[in-house]
Amino acid sequence: QKEVEQNSGPLSVPEGAIASLNCTYSDRGSQSFFWYRQYSGKSPELIMSIYSNGDKEDGRFTAQLNKASQYVSLLIRDSQPSDSATYLCAVNPGSSNTGKLIFGQGTTLQVKP
Amino acid sequence: ETGVTQTPRHLVMGMTNKKSLKCEQHLGHNAMYWYKQSAKKPLELMFVYSLEERVENNSVPSRFSPECPNSSHLFLHLHTLQPEDSALYLCASSHGDYYNEQFFGPGTRLTVL
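Those protein sequence lines, which keep their order, are chains F and C.
Residue numbering for the first sequence follows this note's numbering, starting at 1 and increasing by one per position.
Residue numbering for the second sequence follows this note's numbering, starting at 1001 and increasing by one per position.
Just chain F, same shape as in the assembly (with noise of 0.2 Å):
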């Protein structure tokens, strides 16, 4: 089992919908979780970190947090084509103390006009 899965995609949504980019983690202990946006050809984004149990929104994103069901989301409301891009999830697992952060291999979302 992979220790961060997510789909990778692409997902296809029209502009102005939301779009719902999901992620599972293995590792139980995990404590910090954090979304990423990579435009091609470019490095990663940080768009948004959640710590806790529940929703997080900032803007048009909503991270939400299970950590019963080891499960992240990402929420990006009133999608826009220039959302199009990859969405890597990252996770810091439980069982380091180094700060590494292991990533999902992403899930490309595509927002058609």
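If you are wondering where the hints come from, they were derived from the structure by calculation, not from laboratory data.
Note that the Cβ used here is the ideal one computed from N, Cα and C, for glycine as well.
A few of these clues could be false.
Claimed, not checked - Listed next, with one range per pair, are the computed distances between beta-carbon atoms: (1) Gln1082/C - Asp58/F: 39 to 47 Å; (2) Leu11/F - Thr1111/C: 43 to 51 Å; (3) Glu1101/C - Lys42/F: 13 to 21 Å.
As the list claims (entries may be wrong) - Footprint (simulated), chain C over chain F, 3 or more residues, beta carbon under 8 Å: (4) 42-53; (5) 60-66.
Unchecked claim - Below, simulated DSS-like cross-link-like pairs (lysine-lysine); rule was C-alpha separation at most 25 Å, straight line: (6) Lys42/F - Lys112/F; (7) Lys42/F - Lys1036/C; (8) Lys100/F - Lys1036/C.
Since the structure of chain F is already known, use the hints to place chain C on it.
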């Protein structure tokens, strides 16, 4: 700009060459990281430095040699690389604390001929 810079941005080298990648962070962070990103694969953590001490080495071949002279600078020395080492090499930094938000530099696109 994330406050993390990398040079060079592109590098082409032969298998017998020796080259170095440089990373500098202007964020006052204590931890620095090297990642490798190959096509169709998740980001792979290579090395972690915390307060200038290497705290993690993810079974990276010895042809990759990191150096962290101070908390703001990180190098990756390369020698006798293989074509399969061609990838995007990313540097990141963080406070190294519980929240551990990592910020990435723009990366070095390495091609080994």
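Holds or violated: Lys42/F and Lys1036/C, Cα atoms, limit 25 Å.
Roughly 13 Å separates the two Cα atoms, so the pair holds.
Coverage of the stretch 60-66 of chain F by chain C (three or more Cβ within 8 Å)
This one is violated; 0 residues, fewer than the three required, reach chain C with a Cβ under 8 Å.
Given the range 39 to 47 Å, decide if the beta-carbon distance of Gln1082/C to Asp58/F lies inside it.
Holds - the Cβ-Cβ distance for Gln1082/C and Asp58/F, about 42 Å, lies within 39 to 47 Å.
Can you confirm whether the C-alpha distance between Lys42/F and Lys112/F stays at or below 25 Å?
holds (21 Å)
Closer than 8 Å Cβ to Cβ for three or more residues is the test here. Does the stretch 42-53 of chain F pass it with chain C?
holds (count 7)
Has the hinted range 13 to 21 Å been met by the Cβ atoms of Glu1101/C and Lys42/F?
holds (18 Å)
Range agreement (Cβ of Thr1111/C with Cβ of Leu11/F, hint 43 to 51 Å):
violated (31 Å)
So if I understand the rule, the pair passes when the alpha-carbon distance is 25 Å or less; does Lys100/F with Lys1036/C pass?
Holds, because 14 Å separates the two Cα atoms, which is no more than 25 Å.
Checked against the numbered hints given earlier, this structure breaks hints 2, 5; the rest are met.
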